[in-house]
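Student: Quick mapping for you: the protein sequence lines, in order, are chains A and B. End of the first sequence sits at 1227 in this note's numbering; the numbers just go up one at a time, nothing left out. End of the second sequence sits at 116 in this note's numbering; the numbers just go up one at a time, nothing left out.
Just so you know, these hints were derived from the structure itself, not from any lab. Take these hints with a grain of salt, some might be off.
Said to hold, decoys possible - Cross-link-like lysine-lysine pairs, in silico, DSBU-like; alpha carbons within 30 Å at most:
#, chain 1, residue 1, chain 2, residue 2
1, B, K77, A, K1121
2, A, K1218, A, K1067
3, A, K1121, B, K112
4, B, K81, A, K1180
5, B, K81, A, K1097
6, B, K81, A, K1121
7, B, K81, B, K99
8, A, K1121, A, K1180
9, A, K1180, B, K102
10, B, K99, B, K112
11, A, K1097, B, K112
12, B, K93, B, K112
Since we're looking at a predicted model, the values are computed, not measured.
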Amino acid sequence: MTQTSVIQTFGDFTQQIPSSQEYLTLHFSPSAAARKRRWGNYGLSADFLGDYFAAFFPGDELPDSKINQRDTVKATVSYIANELLENAVKYNDDSTGLPVSISLHLYEHQIIFHVVNFATPAIAEQYQAFIRVLLSADLDEFYMTQLEKTAMGGGGSSMGVLTMMNDYAAQFGWQFQTIESMPNVVKVDVMAYLNV
Amino acid sequence: MHIKTDDYTIRYEPESATAFFQGLLRLDGMEAYQPVMDILLNAIESASSFTINLRDLEFLNSSGISMLSMFVVKARDKGTVNLVFQGSEKILWQTKSLKNLQRLMPSLKLEFV
């Protein structure tokens, strides 16, 4: 049986992630435990990913920093993995029963994060609207506008994505895919690229 | 006034008008930060200066950064409190994100060690 699907991509999205010697994928089943318990697991997983990938880097000093390269990779991977997982889980439609996943691929000067979740069409539409604004805005200006908006109590400001891009210089790509056989589910692929 | 869990501790010390944050803070969304926010808002109720010591806070998620930004704006709009954030140059998120809070309130003092 052939399936048709509708695909939309934004930003810097790689269809075929180049093969790498080192990669890891973690899957999270949405209904396995109470949300509060699961939330703690995302943080632990992010820390694990940070520790795991940091081990490939030397403890060399970095210019203008009191944090060596290994510890910088550790903290950056842990922050980005945690934010990506928090977002994936927050916007996941648990009723699909499909797992959220995060994969990290290590290259000589780059780490690629790939996160997949399944959202309702309405959530996916909101996310796309945000991405369109983000990609057409000046990042620094948009960051401050959204931070001020958050501070005034306006929710949904997506400070996670903005801190990853602005504070950690991560590049992003997104793909939204609707599969014909599941019209009420949108597969959301997020890619974040970190130069190391 | 304090909050203590396996992951983090937040302790307010009235004598020095300082709130000490320690550990790993990644609560589930901004609403989950309300008890933390309440400690901070209570502290600036009557104080003319207030210090937030983050030097032992190894991790803060973006919801936590949003919570701090909300607090900074409330302190700014109150207009009567001198705010100091104490950070560590050895903790990456602080070196990356704290300076943006200062942009919300230019009189906010950042002290890094």
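Student: Now tell me, hint by hint, if it's right for this structure.
Tutor: Verification of the supplied hints:
1. B:K77 <-> A:K1121: Between B:K77 and A:K1121 the Cα gap is close to 27 Å, so the pair holds against 30 Å.
2. A:K1218 <-> A:K1067: holds, 24 Å
3. A:K1121 <-> B:K112: Violated. A:K1121 to B:K112 sits at ~34 Å, over the 30 Å cutoff.
4. B:K81 <-> A:K1180: Status holds; Cα separation ~18 Å.
5. B:K81 <-> A:K1097: violated, 35 Å
6. B:K81 <-> A:K1121: violated, 33 Å
7. B:K81 <-> B:K99: Holds - the C-alpha atoms of B:K99 and B:K81 are around 27 Å apart, at most 30 Å.
8. A:K1121 <-> A:K1180: Roughly 20 Å separates the two Cα atoms, so the pair holds.
9. A:K1180 <-> B:K102: Holds. A:K1180 to B:K102 sits at ~17 Å (cutoff 30 Å).
10. B:K99 <-> B:K112: Distance ~16 Å between B:K99 and B:K112 Cα, so the pair holds.
11. A:K1097 <-> B:K112: Holds, at about 21 Å.
12. B:K93 <-> B:K112: holds, 18 Å
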